[in-house]
Amino acid sequence: MKTDEAIKTELQDTRESVTFGADRNKDFSQEPMCLSGRGVTRVFHTGKTTTVAVDHVDFDFHRGELISIVGESGSGKTTLSKMLLGLLEPTEGQIFFKDKPRDISTNQKKKEYWQGIQAIFQDPFSSYNIFHKIDSVLLDCINMRGGKNKSKEEKFAMMKEACSFVNLKFEELTNKYPFELSGGQMQRLMIARIFLLKPDILLADEPTSMIDACSRATILDMLLNLRNETGMTVIFITHDIGLAYYISDSIYIMEHGKFVEAGKAEDVILNPKAPYTKRLISDVPKIHEPWDLSTVG
Amino acid sequence: MKNTLKNVFHSPRFLVGFIIFMCILLTVLIYPYFVHRDPLQGLGKGFLAPGTYVSVYDTNNTGTYRVELPEANDNRLEASVPVKDRQTMLDFLKAKGTDITGLDTSNEHFHELIEVWRANYDEADAKKNKYEGFATQAKRNELRRLNNRLSSDVNAAMTVTKGEGDDATTAAVATSDYVKVDEVANALTLPLGTDNFGRDTLTELVKATGISLLVGLLAGSIATFIGLAVGLLAGYVGGVVDDVLMFIANIFTVIPGFVLLILIYSALGAESRSITTCAVIIGITSWVWTARSVRSQVISLRNRDHVNLSKLSGHSLIRIVATDILPYIMSYVVMAFILQVSSGILAEAQLSMLGLGPNPNELPTLGLMMNWAKLFGAYTSSNAWWAYFPVILVIALISFSLNLMNTGLDQVFNPTLRD
Chain A
0 MKTDEAIKTE
10 LQDTRESVTF
20 GADRNKDFSQ
30 EPMCLSGRGV
40 TRVFHTGKTT
50 TVAVDHVDFD
60 FHRGELISIV
70 GESGSGKTTL
80 SKMLLGLLEP
90 TEGQIFFKDK
100 PRDISTNQKK
110 KEYWQGIQAI
120 FQDPFSSYNI
130 FHKIDSVLLD
140 CINMRGGKNK
150 SKEEKFAMMK
160 EACSFVNLKF
170 EELTNKYPFE
180 LSGGQMQRLM
190 IARIFLLKPD
200 ILLADEPTSM
210 IDACSRATIL
220 DMLLNLRNET
230 GMTVIFITHD
240 IGLAYYISDS
250 IYIMEHGKFV
260 EAGKAEDVIL
270 NPKAPYTKRL
280 ISDVPKIHEP
290 WDLSTVG
Chain B
0 MKNTLKNVFH
10 SPRFLVGFII
20 FMCILLTVLI
30 YPYFVHRDPL
40 QGLGKGFLAP
50 GTYVSVYDTN
60 NTGTYRVELP
70 EANDNRLEAS
80 VPVKDRQTML
90 DFLKAKGTDI
100 TGLDTSNEHF
110 HELIEVWRAN
120 YDEADAKKNK
130 YEGFATQAKR
140 NELRRLNNRL
150 SSDVNAAMTV
160 TKGEGDDATT
170 AAVATSDYVK
180 VDEVANALTL
190 PLGTDNFGRD
200 TLTELVKATG
210 ISLLVGLLAG
220 SIATFIGLAV
230 GLLAGYVGGV
240 VDDVLMFIAN
250 IFTVIPGFVL
260 LILIYSALGA
270 ESRSITTCAV
280 IIGITSWVWT
290 ARSVRSQVIS
300 LRNRDHVNLS
310 KLSGHSLIRI
320 VATDILPYIM
330 SYVVMAFILQ
340 VSSGILAEAQ
350 LSMLGLGPNP
360 NELPTLGLMM
370 NWAKLFGAYT
380 SSNAWWAYFP
390 VILVIALISF
400 SLNLMNTGLD
410 QVFNPTLRD
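If you're matching them up, the sequences are chains A and B in order. The numbering of the first sequence is numbering that gives the first Met the number 0, which starts it at 0 and goes up by one. The numbering of the second sequence is numbering that gives the first Met the number 0, which starts it at 0 and goes up by one.
Check each hint, because a few of them may be wrong.
To be verified - Straight-line alpha carbon distances no greater than 27 angstroms define the calculated DSSO-like cross-link-like pairs of lysine-lysine that follow:
1. 132/A with 147/A
2. 93/B with 83/B
3. 159/A with 147/A
4. 151/A with 197/A
5. 175/A with 1/B
6. 5/B with 132/A
7. 127/B with 83/B
8. 149/A with 159/A
9. 149/A with 110/A
10. 175/A with 5/B
11. 132/A with 1/B
12. 147/A with 99/A
Think of the hints as simulated: they come from the structure by calculation, not from any bench.
Kindly produce the complete structure, drawing on both the sequences and the hints.
What follows is the structure in structure tokens.
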């Protein structure tokens, strides 16, 4: 196993030679709070067994921040993301949305909350309703954003703008079904959707894990562009700490439903304190040297 | 959608099933325009074998034509004493121990056979001796009827007397006198004969097929509708709603459906059992399996990303179910519906066969026809195959075609079953 010092130097070396997606110099702690949670817990009961998927986690997400939640499979990332989205209610604890306790008890309140938060899911192939054409997917977003009364030309221009933002040609997509596109194109279309919806928070649940490596960078850059252009908070959920380091301002490391380490990306990656974080960092495969597998538990 | 339809019709199984079903359906729809007869109108008495019936009275009142058929005599002999009867005669003579050398069933030896028969047959003698093969009463009755038919000479002169008393005129009927069937005022073609009430079986069958299809369609629609509603609600809403609905469904699964059907049915009484009641009761006792399978499909769909996205888009529950869930299980629902129609038709047939069918005085159904055939001994004593075999064939064809359509659809919609 490499010493902490070795990892640190290596990362610092890399840092100098790589252009980062994230702007490292900006301090987000002064920005208004967008989404925060105190003691958020989710317990699942299946028969007699009880699984604590998320165990008393606290978090503060500021406006415009790009946060990564990193953890391996089964660490509770997806459960947490569902709770953040309001698809699941926490069994304990409270989530605050814009400094007010989140209330999604009625359908109307849920609807209002969902105006402010949107998501991109892991599997682009199951994210679309296969019976709806691409046009109707995008039109739906415009209508949701109060563009119902806009003229056909205006709507068309908006869809075109959204598509060009993600380097897709709208003319080629009209009258096509989502499943006629490649995985990367579908995920880009998802980002176009978000571009039209302009929510306060975007939750991206492993948006690149089903995409080939070449499209991956494109998707990440588009997410960053989206953040920079609209100032939305992006919560990026991933198992890949390398990606998280590339893209995020803050990183939360999750293990067995708990945050074992949290802080600015720089601090977490360069001065990892928790052994789990160290393991995650050393697990990132390197192309120019033998892969150190001694820490794999 | 267009592509799916194209694929469906490219499936040979579906196509064959569809064609058979359409043939049955078109017959049911078109037949009444050609035959205006009331399907429950009695035309005769008892089972009449399939064939054309010509009024004897009317044949004597039409003009006659002289036709010399070379084989007229042979045909006449064959029609009056068929080869089968001649064989029976030979068998009897042989059993009695008479010398039958030189005798056979051909027309050349017919007169010799009749002479030997007349010399040897005696009813009392046959009863007393119980010859081998003719020991039963039924066999002896057959011999007696045969003997009665032989007592009149086939080629004897025949006259027709018209009028009464002093006005009576008698005219000879020559063997070469023919009537034209078209000129006979009353002739009746019964392709499938008549049933025990003397009703035209074909007309009745066509009507019954229509009614049974209607019962199946109604029962299938009700069962699919209830099953779909329960399955969607239980699967999508989940929680307590799911528990309650599945509890009810489990109760229905545990109670044997057919027994329940019989109990409800017999409780209703024959008069209040209409076609609609029949369909409704079959429908509300057979929704369980549709509900269970729709529920399991919905559960697997409800956590799919596109449903979550739809929720995040703020769509209402009804809209999510209608646009994000229902289209995905539609193919499955169509298949379940087809099976429900098929089992609805079969359930009606089973119930009616047991005598629990709809009121028999109103309309015929396939099951009622089977029941009548059973009650009046078409299977046994009367040996009237035309009263039940076509019914069985139609039931089998309907259920075969529907099942074929179902497996064809399954093949199209379920890629793992494709060849």
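Hints and how they fare:
Annotation: proposed proximity of residue 132/A to residue 147/A holds, straight-line Cα distance about 18 angstroms (limit 27 angstroms). For the hint linking residue 93/B to residue 83/B, the alpha-carbon distance of about 15 angstroms falls within 27 angstroms, and the restraint holds. A C-alpha spacing of about 17 angstroms is found between residue 159/A and residue 147/A, which places the hinted pair at or below 27 angstroms, so the restraint holds. For the proposed pair residue 151/A and residue 197/A, the alpha carbon gap of about 20 angstroms is at most 27 angstroms, so the pair holds.
For the hint linking residue 175/A to residue 1/B, the alpha-carbon distance of about 14 angstroms falls within 27 angstroms, and the restraint holds. Proposed proximity of residue 5/B and residue 132/A is supported: the alpha carbons are some 20 angstroms apart, at most 27 angstroms. Simply put, residue 127/B and residue 83/B have alpha-carbon atoms about 25 angstroms apart, close enough for the 27 angstroms limit, and the pair holds. With a CA separation close to 15 angstroms, the supplied pair residue 149/A and residue 159/A stays within the 27 angstroms bound.
Simply put, residue 149/A and residue 110/A have alpha-carbon atoms about 22 angstroms apart, close enough for the 27 angstroms limit, and the pair holds. Using a Cα cut-off of 27 angstroms, the hinted pair residue 175/A and residue 5/B holds, with the two alpha carbons roughly 19 angstroms apart. A C-alpha spacing of about 15 angstroms is found between residue 132/A and residue 1/B, which places the hinted pair at or below 27 angstroms, so the restraint holds. For the suggested pair residue 147/A and residue 99/A, the alpha carbons sit about 30 angstroms apart, so the restraint of at most 27 angstroms is broken.
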